[in-house]
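Participant: Sequence:
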Amino acid sequence: MNTSDFIVNDIQPLNLSSQMKDAREVFKHLTYSHLPVEKEGKYMGCLSENDAYCFDGKKLLEDYSYAIEPFYVSEDLNWMDVLKAFSAHNSNIIPVLDKENRYLGYYELSDIMGIFNETPFLNEPGGIIVIKKESHEYSFSQICQIVESNDSHIYGIFISKNDGDFIEITLKISQKGLNSVVQTFRRYNYIIVSQHDEDKFLEDLKERSQYLDKYLNI
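Take the sequence shown: its letter number 127 is residue 169 in my numbering, and every next letter is one higher.
Keep in mind the hints are simulated off the structure, nothing from the lab. Virtual Cβ for every residue (Gly too), placed ideally from N, Cα, C.
EDC-like cross-link-like pairs, simulated, lysine to aspartate or glutamate; straight-line CA separation at most 16 Å: (1) K101 / E67; (2) K126 / D153; (3) K63 / E91; (4) K141 / D118; (5) K100 / D64; (6) K174 / E210; (7) K214 / E160; (8) K63 / D98; (9) K84 / E104; (10) K175 / D205; (11) K81 / D105; (12) K70 / D93; (13) K218 / D193; (14) K84 / E142; (15) K100 / E67; (16) K218 / E190; (17) K126 / E150.
Ranges of calculated distance between the beta carbons of each label pair, as one might list FRET restraints: (18) D207 / K100: 53 to 59 Å; (19) C96 / Q225: 55 to 61 Å; (20) K101 / D47: 37 to 43 Å.
Using the sequences plus the hints, can you model the full thing?
Facilitator: Here it is, written out as structure tokens:
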């Protein structure tokens, strides 16, 4: 999927020579947290909606140029890095520049999230497993081997937590062989963080068996 297909270009960037009240007027009709700003056709950065309403409306954007945030992404950036940029800048809009740093338009957060929603990680039926192991002991190749040796398939895998000592990994696999995969991870000393119905069933059987043994020994 080509991320650049999602570039939107339906609003004119604000100009540094405009008054702040003009920026407020634009924000009134939109739901964006930021708006792109340019000077003489050159992209300068983004003005946040919060700043637009905090500053003196009669002054120019140029008077508050220190508050213009110079963030953007390039047109050939992959969608995962674009999503990371949204998070880093706490924005629901990211300006897009070409290789000559010319403003092309912007990405909307909802559009990029839509790409993620179409991936097999969210779209394919299957099960989520969260595993944990010491950071110097885990291996992606071993994880894949465990899943595939149980006739299951991986739809997605990523490191969801890293505290320095332990790595927590989230993976989505096909439903087939899910319980066998979980048990195999345990045999390879992976901690299973996620909860699974099969585990609860086996735990119930274990508790009932212990209760029966205790009863028979009375």
